[in-house]
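Put the complex together from the two separate chains, hints included.
Chains U and B, in that order, are what the protein sequence lines are.
Each residue of the first sequence is one higher than the one before, starting from 0 at the first, in numbering that gives the first Met the number 0.
Each residue of the second sequence is one higher than the one before, starting from 0 at the first, in numbering that gives the first Met the number 0.
Hint data in this document are derived by calculation from the structure and do not stem from the laboratory.
A virtual CB, placed ideally from N, CA and C, is assigned to each residue, including glycine.
Treat the hints loosely; a few may be bogus.
[Unchecked claim] Computed list of lysine-lysine pairs in PhoX-like fashion (alpha-carbon distance at most 25 Å, straight line): (1) K202/U with K186/U; (2) K92/B with K346/U; (3) K446/U with K470/U; (4) K395/U with K346/U; (5) K51/U with K162/U; (6) K92/B with K51/U.
[Said to hold, decoys possible] Pair ranges (Cβ atoms, derived): (7) R126/U with L82/B: 34 to 42 Å; (8) P108/U with Y165/B: 14 to 22 Å; (9) R204/U with Y165/B: 43 to 51 Å; (10) P139/U with S290/B: 22 to 30 Å; (11) Y7/B with G273/U: 34 to 42 Å; (12) Y7/B with A274/U: 42 to 50 Å; (13) L273/B with G273/U: 32 to 40 Å; (14) N190/B with D422/U: 44 to 52 Å.
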Amino acid sequence: MSTAMPYALEAIGISKYFAGVHALDNVSIKLVEGSFHALLGENGAGKSTLVKCIMGYYQPDEGQVLFGFHQQEISSPHQALMLGIGMVYQHFTLIPNMTVAENIIMSRPQLPAIINWKKEMAALRQRMEDMPFAVSLDAPVTALSAGEKQKVEIIKQLLLDTKVLILDEPTSVLTPTEADEVLGKIKELTRGNGLSVLLITHKFREVMNFADEVTVLRKGKYSGTEKVAGTNPHKLSEMMIGRELAESSIERTQSTEQTPLLSIRDLVVSNDHGADIIEGLRMDIRGGEIVGVAGVSGNGQRELMQVFSGQRDKQAGNILVHGEQYSATREEMRRFKLHCLPEEPLKNACVANMSVADNLVFRRFDRAPFAWRRWLIKRRKIRQHAQELIERFSIKTPGTDNPVGNLSGGNVQRTVLARELADDVSVLIVANPCFGLDFAAVEDIHKLIMKARNNGAAVLLISEDLDEILKLSDRLHVISDGKLVHESTPAEADLAMIGRCMAGHGVDHDNEY
Amino acid sequence: MVEADPGYAGVLIAVLGGAIRVGTPFLFVSLGECLTEKSGRINLGLEANLIMGAMSGYGVAYLSGSAWLGVLVAGLTGVVLGLIHALLCQQDKVNDIAVGIAMMLFGTGLAFYLGKPFIQPVAPRLPSIELGAWSDSPVLRAALEINALFVVGVILAPLMAWFFRYARWGLLVRTVGESRDAALAMGINVNRVRLYATMGGGFLAGVGGSFLSLYYPGSWNEGLSSGQGLMAVALVIFARWNPVYCLYASLLFGGAAALGPALQSVGITWGYYLFNAAPYVLTLGIMIATSSRKQRFAGMPGEMSNI
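Just chain B, with the same shape it has in the complex (with noise of 0.2 Å):
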């Protein structure tokens, strides 16, 4: 039984520490796509901001010896990616998807040629509270090791839903992202607010991705994000465009990205492989529990209908 065998506890645990661990740079950047959609436009790109933040905030963690240096560069890279984004989006007739597309694979591609002098040096990781320090088990002390970043987006997550409600710039983003019709009528600049949105929704993800190379798996190599960036996209629609749903959303995604890697931890080696592709399974299965022929999705930005 469970209580006799100290393996599925122990799978549970590296479950829950593994959420936390993989669940980060989900909640970054679905935070930051949560943003940039808040004000009614998409950003696919968001892939590259995170691979592009993981290069850069590795790169210059390296080179200046500071890892919280390297967050803020990678912070910074995601807001010139999602400055580029917006940019181009706000010209007539261009399609938000395509320029999604084509900024990911741009992004993904400079961040491998830019980012080939960094794979074998080794930068300063990002520092971390020992929060199992009073257990003997090393099992529960490594699941229980809770990242600065990791804090700082739980504070962040509710941060931002007061923002929306309570701050200027919070309801000109839902206005602008609800109705550009509506915005234009009350005089309201829709192309500035969404330029903003855009930059900030580029940097949370740019952060995102430098706790990949910075703490999880904590070096980088051009295998190093699997595509968070773009399931970020259906998780905020999990989150039905809530960011404290997306904290939790990002916490079962990390789950199930933890779930491979932690069966295998206690020796189930079968379906390793099998059970890595939880998250994309849990991607799929979402999008088609939620989708409805019927009705659109509850609390859905009006101007998302649109794109």
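With the rest of the complex left out, here is chain U (with noise of 0.2 Å):
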């Protein structure tokens, strides 16, 4: 018999290679019973990876994963679920086009046959009356918050009698009460129920407000483990990135700027349902000046930005760019220099079996110099462009011909950068710029667009992260069920209202928290 602490899980140096790269190097965790553990890393350290050994979706080529105090190889997701280690993924599972009882109903290992809605409906209802979260099953998946969704997910893990319990970055689509809320919970439930928690995270303050011990990895390689009581920030990030993190240091010049040079009125936007998810939205940007769009996601942010993208129509509503009507065509996107750097830009900005070299030159390439008389392209000239632009963004690349697709995200990203911000840039729309960067190309990509604020752009900055909108943004406006509900400065900025806000509470309903 051991003596040790009770572990709930164990996972002992592994070992993972995709492709001949390692994922990870001989990487150990100890999840002790009853605790809330964090695995802290920045993004691409392989915390998702490690994760999904434990689950059984990868099988690790080094190192074992014990259950309990038995060796217990995990070859499956169904298997993991079998023996109580349940996963909320940090992209929601849940089906939408199903109802919230269904999808609990679903996730059950063992199903009967035939089911007895009414019998099992009768079961749910009284279990709920123990769960953290008050959520209605009748509801279809596709009406619910994103918050509500995140419960939703943890109450699914938690009726299958869960005892070790995986959450992979859960608060990333939350506000900020919201994360409160749910760790809150999660926590409680560690010390009465005998719940083990290992939560993937990379924000410092959820480690310091709720874990009980830390995990930190590294690039692949695990970097410590640390008692959260005898730890702090500094440590930790010293841990994480391998130096503390160097103040930003980004400049900002003063703007004189009166004249709105972008304004949107009254926009009407609708959704893939038809439905009309932004209702006469009004905004003013003057040059030199970024505008700071915060919300939680799903509230109309991604099909604003498509309008500028020219992804999606509009459904009234106008958007004006020096006084001048603006509706997404090529041409005017050259006329009045706006660029975009939608969200995900191997899928929206990108096309990604064609090269760099090509993806480069998208928005000039039948024009001169990289075309004869508008119809015959000149394959050398958009090479040369290609080189020139990767060495001054510092796109990492075997070469111009390499697909775009197989770059790193943070090089993707570079390399829409280094398209729409070469040249003269008046009209900026940027969505969710840094998702899924370390910490490295995150300094970078805002330096480039302070750069373009401060060459006397109007820059809209949608983000969903409030840290960048914070940082970057001269004003703010929270947008809510696709309306503009608040609006701030970064120095007036009232946090908690700004969450209330983004949570669809605006000042009326002070009292609910």
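Written out as structure tokens, the structure is:
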């Protein structure tokens, strides 16, 4: 018998290679029973890979996973479920066209051949009373907000009598208030019910406020485990990125421009299901100004971006640049010097199978000097142009003819930045530019956006990362349910107020919290 | 006026009767396609299931003397074709649509080759229920002759809707069809569920084929199917992936297809071929009317948008 602390889960000496690259190199983690353990690391540090090895999605190339006191090879997610290991994924795994109850029932490993819905619903309602959150069982998942979906995901796992709950960045789509509520409730469960929790995160705040212990990964390697009580964010950041986080040194010049360069007038946009998701949005942005739009994802940000990038038609209203109508044609983008950095650039701003050089010249490939009489393309010029931009924006690619889809996320983003920011920019629309990138890349991208602003561009920054908005914006709005519900400046920002507005509760509902 | 001219009433009755008669194979193929698509896979090869079903059903009915045995064998032929389709589709980087078209060409060719000996012989027909026995009008009697397979189909449609909501396997099919990732996260074997759904869909399409050769038109020849298997794909979209709507849509398509013969039966001979094209025009019209640049089809299984 072992007299050591009882571990709910141990992963020892895990290594995993992908196409010869070390995704994980001899990483170990020990989860004490009934504790709240954080797994901290930058994007790409190997957190998800480690957890997928534990869950049986991947088979580790070396090392072993022990569940309880017995060495347990976990060969499939199904087996992990049967052992009582449940996972809440970063991207929702709920089925949108099904109801909450159907989603919950479906996740059960053993389901009767014919489902007696009456009986199941009664049993579910009863068990819901012990759950930390209340959700409507009959609602279709499409009708839920991001926060509610996250709660359903967690309830789904708890109802399976999960002993070990793994949460993969569960707060990325939640408002700060919602995040605290969810993590707080889960922490309570570790105290009373013997639940063990492994929280994957890159947010120090969550580690410091909720975790008992923290294991840090850096570039696929184990960098240490600490008791949270005996550590601090400075020490953790050193473990996480190998140095202390340098203070941001982004220079902001003063702008004197007064007339709006970009105006949005009573914009109405509908979503994929034909319902109006943006209703009567109005906004003015001056030259040399960054206006941030904060909000929880799914409140119209994606659709707003798509109207600018030409991926979606507006239903009503106007977008004016220099007082002239803008309707997202290629010609207007060129004339107004309007540039877009959409989210998920590989999907929204690149053709993955075309070369880096081709992607870099999309806006101008049929004009001089890249084309003769607008139809004969001069490949040599395009390659030269690409070579220049690759050097100027330090894009890491094997060559100009490499498909852009083969580059890493950060370099895809750099490729799009190079295309959009290399020339004169007078209007810049940016959405979640740093999603999934590491600290160094984030800093570079922020500098480039700020540089465009300092050169007199009007910048609309749509981001789900509130810190990013507070860092870059001159003014900020909160978007909720397709409407701008709050305006402030970073200096005067009231975080509690912003959080409430993001959650859809305005000033009038102060008493709810 | 309409009352004065019995011809128009006759057309109406003939169209109604035709809707049932011509709609039955549509019903089975569309239910089969619906089941397959609900699992997140598209099977364009159902045209082949239909023709192979018609051929094998006719052949077996002729050789054994039992029409129902023919129906069963037609269904099993469909299962085999569905199995091949599923096994090909679940390989990496294989496109459902390309495999479907290949299967369609393969199956039709095979049916014509194997079916040569059955063009001449006469096989027993499927039994029908004479709902029009009370009437002395031969037109009405003919129109109200309901085939037993139609009755089976009418029961099958709501049963399938029930299956998607109440049976574990129904929920599995929907889960797999809505989100492959979610299904994997629940530990569901996506390929196996799709395999069974494709085979089940193949069975229904095969049965639909046997109706063509064993009841209406009621013989085996190479011009038997005229794209019903392909039109079923449009029909399922029109029916919003709802089995009960598939029933209504099949009747609508059947009615459209019966328009030409019905008009001819009352002596309107002009535009016969034009009216015969009605189902194809309807297919085209429906695809245009229901598609939108701005929004997705309501009820579409999530995985279908990835094909």
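Here's how the hints hold up against the structure:
no.: 1; hint: K202/U with K186/U; verdict: holds (17 Å)
no.: 2; hint: K92/B with K346/U; verdict: holds (19 Å)
no.: 3; hint: K446/U with K470/U; verdict: holds (11 Å)
no.: 4; hint: K395/U with K346/U; verdict: holds (19 Å)
no.: 5; hint: K51/U with K162/U; verdict: holds (17 Å)
no.: 6; hint: K92/B with K51/U; verdict: holds (23 Å)
no.: 7; hint: R126/U with L82/B: 34 to 42 Å; verdict: holds (41 Å)
no.: 8; hint: P108/U with Y165/B: 14 to 22 Å; verdict: holds (19 Å)
no.: 9; hint: R204/U with Y165/B: 43 to 51 Å; verdict: holds (46 Å)
no.: 10; hint: P139/U with S290/B: 22 to 30 Å; verdict: holds (23 Å)
no.: 11; hint: Y7/B with G273/U: 34 to 42 Å; verdict: holds (40 Å)
no.: 12; hint: Y7/B with A274/U: 42 to 50 Å; verdict: holds (44 Å)
no.: 13; hint: L273/B with G273/U: 32 to 40 Å; verdict: holds (35 Å)
no.: 14; hint: N190/B with D422/U: 44 to 52 Å; verdict: holds (49 Å)
Violated hints are absent here; each numbered hint is respected by the structure.
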